[in-house]
Amino acid sequence: MSTELLKEIATCIERGKVNAASPYPPDMKGKEGADELVKKALDQGIPASEILEKALIVGMSAIGQKFSRNEVFVPDVLMAAKAMQAAMKHLRPFFDSGEAKHRGTFIIGTVQGDLHDIGKNLVAMVIEGGGYKVVDLGVDVSPEKFVDAVKQNPGASVGLSALLTTTMINMEKTVKLVKEAMPGTKVIVGGAPLTQEFADKIGADAYSPDPQGALEFLNRTN
Amino acid sequence: MDAEDFSMASMRKRVWTGDGSQKVSDNKLSVRERFRRVMFFQEVDKLPNFEFGYWDRTLENWRRQGLPDWVVDERTAYEYFGIENWTWLPVNTSLTPVFEYKVLEETEEYITYRDESGCVAQINKKGDRSIPHYLDFPIKNRETWQPFKKALDPDDPRRYAHLWAAGEEPRISSLVARSILRRVSLREDLERLRSSDLPVGVSGGSLIGVPRNLIGFEHIAVLPYEDPEFFEEIVNTFGECICGVLERVLPLFQVDFCLGWEDFCFNQGPVVSPDVLRRVAGPWYRRIADLLVAHGCCIYSTDTDGNILPVVEIFLDNGLNTMFPVEVHAGSDPVLLRRRYGKRIRLWGGVDKMALIKSKQAIDAELQRILPVVEQGGFIPTVDHRVPADVPLDHYKHYMDRKREWFGVGGEPKY
Chain P
1 MSTELLKEIA TCIERGKVNA ASPYPPDMKG KEGADELVKK ALDQGIPASE
51 ILEKALIVGM SAIGQKFSRN EVFVPDVLMA AKAMQAAMKH LRPFFDSGEA
101 KHRGTFIIGT VQGDLHDIGK NLVAMVIEGG GYKVVDLGVD VSPEKFVDAV
151 KQNPGASVGL SALLTTTMIN MEKTVKLVKE AMPGTKVIVG GAPLTQEFAD
201 KIGADAYSPD PQGALEFLNR TN
Chain S
1 MDAEDFSMAS MRKRVWTGDG SQKVSDNKLS VRERFRRVMF FQEVDKLPNF
51 EFGYWDRTLE NWRRQGLPDW VVDERTAYEY FGIENWTWLP VNTSLTPVFE
101 YKVLEETEEY ITYRDESGCV AQINKKGDRS IPHYLDFPIK NRETWQPFKK
151 ALDPDDPRRY AHLWAAGEEP RISSLVARSI LRRVSLREDL ERLRSSDLPV
201 GVSGGSLIGV PRNLIGFEHI AVLPYEDPEF FEEIVNTFGE CICGVLERVL
251 PLFQVDFCLG WEDFCFNQGP VVSPDVLRRV AGPWYRRIAD LLVAHGCCIY
301 STDTDGNILP VVEIFLDNGL NTMFPVEVHA GSDPVLLRRR YGKRIRLWGG
351 VDKMALIKSK QAIDAELQRI LPVVEQGGFI PTVDHRVPAD VPLDHYKHYM
401 DRKREWFGVG GEPKY
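The listed protein sequences derive, respectively, from chains P and S.
Taken in order, the first sequence gives residues 1 to 222; the numbers are from the working numbering.
Taken in order, the second sequence gives residues 1 to 415; the numbers are from the working numbering.
Simulated from the structure, these hints should not be mistaken for laboratory data.
Be careful, since some hints might not be right.
Said to hold, decoys possible - Capping the alpha-carbon separation at 25 Å, the derived lysine-lysine pairs in DSS-like fashion look like this:
| id | chain 1 | residue 1 | chain 2 | residue 2 |
| --- | --- | --- | --- | --- |
| 1 | S | K397 | S | K343 |
| 2 | P | K176 | S | K126 |
| 3 | S | K140 | P | K29 |
All chains, full assembly: derive it from the sequences and hints.
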């Protein structure tokens with residue numbers, strides 16, 4: 001019974017079915033969504049950590065993999081993230097009380113001089129959907145601010161985003177300062193102009209062209 | 001769409017091979033003729049030497065690298081590098097202003113302002129000022145959409161203000177073409193455009209890109225799922241405006257191309273799903289394409305940026321036959337596109353900007369890579385977006401020199 005319910009929740013996340021009132025997706029119109037089903041799961045006594053691991057992460061991972069393969073597009077990931085947020089609303093008290101735990105912490109921001117946040121926001125949504133606590137520092141973030149955040153969140157991994165070729169060079173200083181301040185911190189970089197070659201050159205631990213790649217990197221290293 | 005023939009009996013034709021080895025014909029072609037011919041896969045003496053432009057800081061950096069003081073903007077830069085240009089039919093196919101531009105806050109680091117569309121945005125005074133960071137969007141629901149709906153009236157005389165003495169004429173009617181023709185200023189413009197040696201373009205407006213700017217990226221992406229009727233109403237209103245304006249002006253002018261602005265593709269594809277694009281925007285692209293063809297314009301494009309692979313088929317099926325700016329690093333490779341779509345597809349752009357940053361060897365390799373596609377025709381090679389500020393001036397001159405040497409582009413440099 002609980003397995004079926006968790007599968008249903010995972011489907012709601014993957015397909016972006018937020019709640020019963022949501023008209024999307026059309027073939028699930030009128031049916032309960034992530035909002036109602038997670039509440040039902042908790043009422044049935046399924047632990048929050050099990051809901052996270054066996055339903056939410058499964059659903060977000062499925063949509064993330066499809067996005068990587070260009071089988072779905074940005075709107076589909078955003079709808080899945082909305083369903084995830086509706087589900088997390090019910091689980092948050094369990095994380096706050098310590099009854100459920102995140103897989104790790106991920107600090108993310110767009111580097112100094114760059115005000116773009118679309119790609120960064122998408123990555124943050126998928127990582128959060130992957131079971132991580134996300135500390136979003138916003139845009140135009142100085143290397144010092146990243147360092148402060150790493151000090152406040154020991155063991156956290158860091159994600160740096162840039163859209164412009166002229167601002168991606170600011171990643172190098174950030175990587176250097178973060179690793180000096182907290183050796184062993186894993187840093188992943190991404191953004192339209194980036195390449196693996198550039199990531200290697202600046203000493204980042206990984207580069208990913210899409211959010212799922214970032215999530216898989218975190219899953220391997222946390 | 002490919003039936004139009006621009007061949008000229010008086011021209012001594014030759015096959016352009018791209019290796020610069022052949023002589024120029026007796027009758028030199030104008031840039032306009034070259035544009036028409038190359039876009040129809042016909043022989044040309046030289047390729048049009050077009051470019052996308054520069055970010056603000058690019059020219060500032062180049063000045064420190066030896067760019068002459070008289071090169072102060074894009075126009076003078078084009079003169080310096082020998083870049084050719086086109087001209088526009090001066091009509092507005094999109095929103096008329098809804099708000100007045102207003103600076104809301106200025107600090108040492110940022111300027112926060114509200115633009116003419118009502119978007120609140122911020123630019124970093126010390127960083128790259130070219131693309132603002134949007135903080136708030138004016139369209140939040142059907143009520144806040146109403147002023148914008150009114151600003152999409154194709155009869156609004158401000159759309160044609162550059163064609164005639166604005167304000168003197170009563171409201172434009174369905175007989176707009178006849179009333180416009182009475183104006184002396186228009187006749188002058190008509191003559192100027194008709195006799196232009198430069199290609200004449202008309203704006204194809206925007207169906208998704210401008211609405212995205214008014215609604216916000218994340219909201220417009222999911223709007224077709226959460227409120228499909230509202231999304232369709234917005235796209236249809238923009239479409240009616242574009243077609244309304246084109247219907248009024250195309251009978252008066254011979255335009256050579258139509259270029260819209262969507263800017264909706266990213267590395268992972270479009271901001272709305274391809275299914276939504278095909279179903280909602282596709283019929284409008286088709287209607288615009290049909291209007292253009294009915295008036296002798298067969299080159300239809302829109303500025304997409306990013307990875308167009310998921311949407312190319314939709315464009316081609318609906319008469320949008322020229323891809324721009326074909327951003328290579330994002331996945332829009334001209335070699336791949338031509339191999340996949342043959343002469344169904346025209347290309348404008350397609351030179352990887354990353355090569356210009358890297359080295360002269362990388363520039364050579366990139367130009368050699370696309371040379372076979374350039375030689376096939378239907379391809380005007382330019383840098384695949386504005387030239388970034390970290391491209392050295394020396395690399396850019398090398399790129400321009402190689403374009404002349406290997407692609408046989410026109411224009412005379414002043415360096």
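Each hint tested on the structure:
no.: 1; hint: S:K397 <-> S:K343; in the structure: violated, 31 Å
no.: 2; hint: P:K176 <-> S:K126; in the structure: holds, 22 Å
no.: 3; hint: S:K140 <-> P:K29; in the structure: holds, 24 Å
The structure does not agree with numbered hint 1 stated previously, though it agrees with all others.
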